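Number of protein chains: 2
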Amino acid sequence: MAIIVQKFGGTSVADLDRIRSVAWRVKAEIDKNNQVAVVVSAMAGTTNQLVEWARDIGPLHDAREYDTIVASGEQITVGLLAIALQNIGIDARSWLGWQLPFRTNDVHSSARIEDIDVSMLKSRLAENQVAVVAGFQGITDTNRITTLGRGGSDTSAVALAAALDAERCDIYTDVDGVYTTDPRVVPKARKLDTITFEEMLEMASAGAKVLETRSVAMAMSHHVKLQVRSSFVEEDGTLVIEEDDDMEKQKISGIAYSRDEAKVTLVGLPDRPGIAATVFGALADSHINVDMIVQSASPDDSRTDITFSVAALDADKAVQVLEQQKSDLAFDRVIADTNIAKISVIGTAMRSQPGIARTMFSVLAEKGINLHVISTSEIKISTLIDADYTELAVRSLHDAYGLETS
Amino acid sequence: MAIIVQKFGGTSVADLDRIRSVAWRVKAEIDKNNQVAVVVSAMAGTTNQLVEWARDIGPLHDAREYDTIVASGEQITVGLLAIALQNIGIDARSWLGWQLPFRTNDVHSSARIEDIDVSMLKSRLAENQVAVVAGFQGITDTNRITTLGRGGSDTSAVALAAALDAERCDIYTDVDGVYTTDPRVVPKARKLDTITFEEMLEMASAGAKVLETRSVAMAMSHHVKLQVRSSFVEEDGTLVIEEDDDMEKQKISGIAYSRDEAKVTLVGLPDRPGIAATVFGALADSHINVDMIVQSASPDDSRTDITFSVAALDADKAVQVLEQQKSDLAFDRVIADTNIAKISVIGTAMRSQPGIARTMFSVLAEKGINLHVISTSEIKISTLIDADYTELAVRSLHDAYGLETS
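Residue numbers (this note's numbering), protein chains in the order written: chain A, 42 to 447; chain B, 42 to 447.
The shape of chain A in the complex, shown without the other chains (with noise of 0.2 Å):
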């Protein structure tokens, strides 16, 4: 019998009636001769009122105390799922983070699982009992509750599957798989049977909102099947695997974009060596991301330009760290930009065709769309465009891969 661990986000969970669907989704796997782990975040809704309770009560923050409070969401949605299921005739119980235990480091909020042992819920398993396992929270060694931050209750299902040795792990989501765009620009979109982990990671870090990017990279070191699904349909959904070496792809995966960013340039620095180390490095100082950059030498040689890429939400934090260093850095100016977009082109078919970079900026080009950053990685392209034409560049490149048949 193969183990197959399903995963069920807040909206899955939201209320009773959609608790009770969950057991008779479970129950499909049951009858499939599976046994089954589910892991489950909190009812939609509950963890954020638990965020701004544990905000609200003073400013003064301890992460343990917050983490206490928050985990408590997943504490009543896996006592009620275990209810639903013994209530269709499925011998179930919850299992609370302290309780196989998940151990964590002592990162309170965003902490990362280190061990789960499985060895108590294995034999259950094995007696048919299905676990209802709460996501997002483990322990440290001193039995202080941990939460695993965002996508945290993903992350506990992947590495519940790792540690299981399960066949396959299903996240059951609002959408019903991945897209080779997002539909809502792109009415054509077409959901991909299959991705590959490299894939997959690339589009969630350029901004499709399917998976983190943090369990999708764990499910890859540990070699685990995953299945994004939907929790209102019954169909299969996108399943994300290992690449496949006889499979040389010939069209891209899919597009995607982001408007969460910003650019910033900094205008006629001193052309010198260790000039950007010195930009860079006192932004990573502030604990600020930098993702695309370039720098543009300029005519005479004696000043260059530098353009880089952060989260929207940095840029103003930028500027001003940018400007605390202008003394030392020399430049004439800085300047942020928040009505941008990063459009990103993905697939491993640009490890075997080289013509796809060459159909991407023709393809913007004719459309008269400048761009104003690009970078590459092995299996995806990204530029930075002005914000306005983001649904026009997804929709050309869209048609011009052809992703609309597979």
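No wet-lab data here; the hints were simulated from the structure. Just so you know, not all the hints are guaranteed correct.
Which copy is meant is left open, so a pair is good if it fits within one copy or across any two.
Claimed, not checked - The list that follows gives simulated cross-link-like pairs (lysine to aspartate or glutamate, DMTMM-like), each with its CA atoms no further than 25 Å apart:
#1 Lys163 x Asp182
#2 Lys68 x Asp97
#3 Lys68 x Asp103
#4 Lys73 x Asp301
Keep in mind that this is a model prediction, so the values were computed, not measured.
Chain A is fixed; fit chain B onto it per the hints.
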């Protein structure tokens, strides 16, 4: 340095402002150079919501899962109070039932505390860290969460005070102490400075709602000095203490009443040995608690009547159980009356003053109040009367015993 245990119920932690007020009440004890452990309930309303969900999710009820769900309420308040304390400069940390641990038996939803490991907590108290402890919850030998049932947080507080050998256990509530009777019925009712455990126990079981009998009984057997005091008003409350041999009280301590009683009468039972055992055995088998009992022989000694009282909620069930035994018991008929009140006069003074019962009966007779059933213990006299006369009886007795002055 003395250890003080404070307990705050659901209305005392109903919102963030009240939790901040609780933090100041904790600080007041710290400022008196005490070490403090605070036991808290869930925010008012939270437990009811959780109970509702746990009941509504399906008709089959797993008490282990029910307890897991319901115990999450206290997890929220301990975290919030710990942060509130830190924000006024007091070192504090939360402790959940499983973190101490608070060991209980496995009778879920009404578990009994077996043992509390206070070793870690005690060393933290010695470092002047306030312990914020989740009331109402514990764990079994198999690490499942249990809850203690009605009045559970009071019981948690008393058990913790016993384990810590605390100087005092202060139960903060929405009244400011124990009164000679209900001030809503008798405005002249007087707050008692002290009351003995035995009296408090009788008061609680006679209908006074200040403390649950269970926590009082535990405090008595472990010699924990209890204080009932207000969360909202800063003054001393009522101390519940051991009886002082030297002090012979002249007066009773209080008058309690309860309208939640029903009188059940079995008319025309054959007067044969063992008939009472059959009646009350059948009721006990159906988990119906019987309070007061009176048996009156008929003139010719062949038939007898039995009258007893049960909780009003159990009245229908009691009648049903007895009707099922009719062929065996051969009574004429069974009558239940829920329009009944129990009036109790309580005080250790009864031990030395035989006139107290006579005063009670003559006062009630003067007012034309008929007594249906009378029962006595060493320090209590209770009687059932028609519910319409409740206020009149309580007021008249309060006057007759001169309780408005100490």
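Subject >> Numbered hints the structure breaks, given as an ascending list >> reply: The structure breaks only hint 4.
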